[in-house]
Amino acid sequence: MKRKDQTCLVDLCVEKAIDNVKYLGDVSHVDHHMLERILPHCTLEQLMHIEKSTQGMDLSPITDKLWKKFFEKQFGINCTNEVVKKMKEKRVSFTWLQLYEAKVKKVAQTENEAVDRLAQRYKEEDARKQSRQIKTCTKLPPSKRRF
Amino acid sequence: MKKEDTVKLISSDGFEFVVDKEAAMVSQTIRNMLTSPGSFAEREHGQVTFPEISSTILEKICQYFYWHLEFASGKDREFPIEPELTLELMMAANYLHT
Chain W
1 MKRKDQTCLV DLCVEKAIDN VKYLGDVSHV DHHMLERILP HCTLEQLMHI EKSTQGMDLS
61 PITDKLWKKF FEKQFGINCT NEVVKKMKEK RVSFTWLQLY EAKVKKVAQT ENEAVDRLAQ
121 RYKEEDARKQ SRQIKTCTKL PPSKRRF
Chain C
1 MKKEDTVKLI SSDGFEFVVD KEAAMVSQTI RNMLTSPGSF AEREHGQVTF PEISSTILEK
61 ICQYFYWHLE FASGKDREFP IEPELTLELM MAANYLHT
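Chain order of the listed sequences is W and C.
Just so we're aligned, residue 1 is where the first sequence starts under UniProt numbering, counting upward by one.
Just so we're aligned, residue 1 is where the second sequence starts under UniProt numbering, counting upward by one.
Among the hints, a few may not be true.
Just a few of them, taken from the derived set where beta-carbon distance is under 10 Å, the chain C residues facing chain W [what the hints assert, rightly or not]:
hint, residue
1, V26
2, I61
3, Y64
4, W67
5, H68
6, F79
7, I81
8, P83
9, E84
10, L85
11, T86
12, L89
13, A92
14, L96
15, T98
Simulated from the structure, these hints should not be mistaken for lab results.
Backbone N, C-alpha and C fix where the C-beta goes; we use that ideal spot for every residue, glycine too.
Please put together the full structure from these sequences, using the hints given.
Listed below in structure tokens is the structure:
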């Protein structure tokens, strides 16, 4: 049996919201202290959806630490520390969502460049093979005439 | 049911819910409104208007009040919350200290 303090309606709603976190979108009308309890249960995709759906309210005070965790999980602790170091050196500050998005873009760009380079090499190799292929010649040697 | 034992809760869209005072007082906010000293309109007329709570949510809250009383008396069953009402209900519950 549940304890008496577990029957508070706010708690029941928070539990329900956590169970249905995949359906959450715009949360701009929800108090911060309740979002603090719900949002840590989101996956990366769910949190991204909520961030993009919630316009007119800055969720970063709640989600920044969550994005740092996602960043660390995806790109490693070394990369995360490197980013922190760089920001300190340059005396700039970005939210971890911004950093995550920038990193994803950069990785995608690097991948595309690598794919392009590979495709170019294949093309060059094909051309080289093509140039070394034996070609049948249609020209006939001059027939030897008897004098 | 005597009139003085009940309280009328009015939603933003004008729906009136007459509930037992004992049930309504599950909400700390309503309890304060109905019991605080002085002649507050809520206490005098036994009715409270919620300009920010819709009838759908207020109805659910009234169901919760009775569920809570049953629960406190030992009846253990789940309180159903529709997923689409969750956030709005949570905000109202927070306001009502419920």
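- Violated hints, by number in ascending order, as checked against the structure: Per hint list: zero violations.
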